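Using the sequences provided together with the hints, build the complete structure.
There are 2 protein chains.
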Amino acid sequence: MSAAQRTEISELGEFGLIRRLTERFKKKHGSTVLGVGDDAAVIRYEGERQVVVTTDLLLEGIHFDLMYVPLKHLGYKAVVVNLSDVYAMNATPRQITVSIGVSNRFSVEALEELYAGIYAACRKYDVDMVGGDTSSSVKGMVISVTAIGEADANRLVRRSGAAVNELICVTGDLGSAYLGLQLLEREKRIFLENPNVQPDLEGQAYVVGRQLKPEARRDVIEWLAQADILPTSMIDISDGLSSEVLHLCEASGTGCRLYEEKIPIAEEAYQLALKFHLDPITCALHGGEDYELLFTIRQQDYEKIKNHPDISVIGHMQDASLGCQLITKGNNVHTLTALGWNAFRKA
Amino acid sequence: MSAAQRTEISELGEFGLIRRLTERFKKKHGSTVLGVGDDAAVIRYEGERQVVVTTDLLLEGIHFDLMYVPLKHLGYKAVVVNLSDVYAMNATPRQITVSIGVSNRFSVEALEELYAGIYAACRKYDVDMVGGDTSSSVKGMVISVTAIGEADANRLVRRSGAAVNELICVTGDLGSAYLGLQLLEREKRIFLENPNVQPDLEGQAYVVGRQLKPEARRDVIEWLAQADILPTSMIDISDGLSSEVLHLCEASGTGCRLYEEKIPIAEEAYQLALKFHLDPITCALHGGEDYELLFTIRQQDYEKIKNHPDISVIGHMQDASLGCQLITKGNNVHTLTALGWNAFRKA
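Sequences listed follow chains A and B, in order. At the far end of the first sequence sits residue 347, using my numbering, and the numbering has no gaps. At the far end of the second sequence sits residue 347, using my numbering, and the numbering has no gaps.
If you're looking for bench data, these hints aren't it; they were derived computationally from the structure.
If you want a taste of the chain B side facing chain A, the calculated C-beta under 10 angstroms gives, among others:
1. D38
2. Q50
3. L58
4. N82
5. A151
A quick note: this is a predicted structure, and the numbers were derived from the prediction, not measured. Note that the Cβ used here is the ideal one computed from N, Cα and C, for glycine as well.
In structure tokens form, the structure reads like this:
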């Protein structure tokens, strides 16, 4: 694509635009009976499968900043954050719908970039795009994605199934996406003050990648099934570990005890936090958008899970009367609070 | 609710707001396994039922103007336009998700009005609200609704099933919603010029109601099932009759022949069009948002349908080589074009 090329959306009209953006998306799943192009999509899951539905609304200026988020990454992320919610039910995403609202600031080529990212996510996670809505906006970009998946009724995992003494596990590492955001925001400020300064993201590829191109933990969901481990409760970490573990505790009617020293933080994130005069553990507890999975397992499953390189046991559930606690490295006891990422506080 | 009361969204926070807005919504369908409050909703349709999914994005300033659209009506309409798409598949809507993005211009009480309309639509059409997303916006209101329904595989009606000589039917009357919009826009202009002038909507309750509070044709879908009529193709009229009949023809590989004198126009709409120096038939052909159903039936079903008071046979399908035509009252032949409501042209 030539950088100079700019096709106005108005040249194609609504239906021409939809055709241009969606024609490369072919339905791949037998469960997709009917995709884009009718009043509604039609899906058919075999036998006793349950249908899982989740949706997210992403607004420019609130959830993303196009000064540093490439449109292709944005499209990818918009899909992944929804798939992550489906996996967090221990379900398998199969279809998505994508609605966008865009002002005439965006060219057709820009939207093709966005859809290239959506397409890449569909390919990687093996989901069909089956519908959506395309509209103009007065100002800014709006993206609404709905993900639909299937699950066996007896393998569905809710937030509410945890019991006292069960182990609390988390995948990957935490806080990196938040630190990546801080870094991008810093570079934006520097750029706005002096547009000749090149961004300095040297040695920060990991945290920046965690912010711009998160992945959903399909791998862990598949491994758990193979290892014959059925989590008792599960949630994905979009708002920060502390907020999410409180959701599990509230839904399950338990308290929890987390150990600071067990919480996984990537070395790059740790060093960057210190550079920014931030407490790394605070970033891990309250920084959002890592899209890792937080889940509880029965104690007898510990032997199966303990050697998995990407799953950390960070604590256990306890009686609700004992509250939700963090035990620091210095053996102090803190009460966990939900300072997680909150779109309303940011506004 | 006191008009003076204004609770800021920030006082409740995201989760508090979601709780406040959704607590009155109770799940009523056996098919709703899990509603609001987990990572995703869970649905289970019995046996060989297929899942129908459709989604619409509504943006302030593009799809609605809060100067004359009451929030309660807006919530109602946001749901109904999606249900209309599900009915247009000859399916039954069962669940919806609702995502909203709102700036701090809106109070909690304003959002309660919006959700009162959403609730009213859920009750009237017997659907469960099972999830969504709530976020702040930089400016303006964004509403994204996804509707999920079920259908028997062998009763699903697509756009593509029409054949030559089949009869083209439309429910209700056309053009009223468009004329209601023109009236509201006129009153808005008058108000902006002189805020002391009271709106003059006298005698226009029907067209204003068609614009502000459309209904989906559940009644007709149920009647067709009882009358044992399976339409061969179907679409709902959101963009104007002409645009929609062209969709049916394109998908079915046919042409069509419509008769101007058969196109149903309400007397109030007809008179108002003349008052506005508009051609009533143009309003019916190209005015959108009536949310009536357009469908084709086999000739042998004519006897069953001819006495239905709210279904008009307006023409028939013909060979594609003959094109898509409108026969005027003066027996002239016009080629149908898609000048339908197009969000991109409006922007």
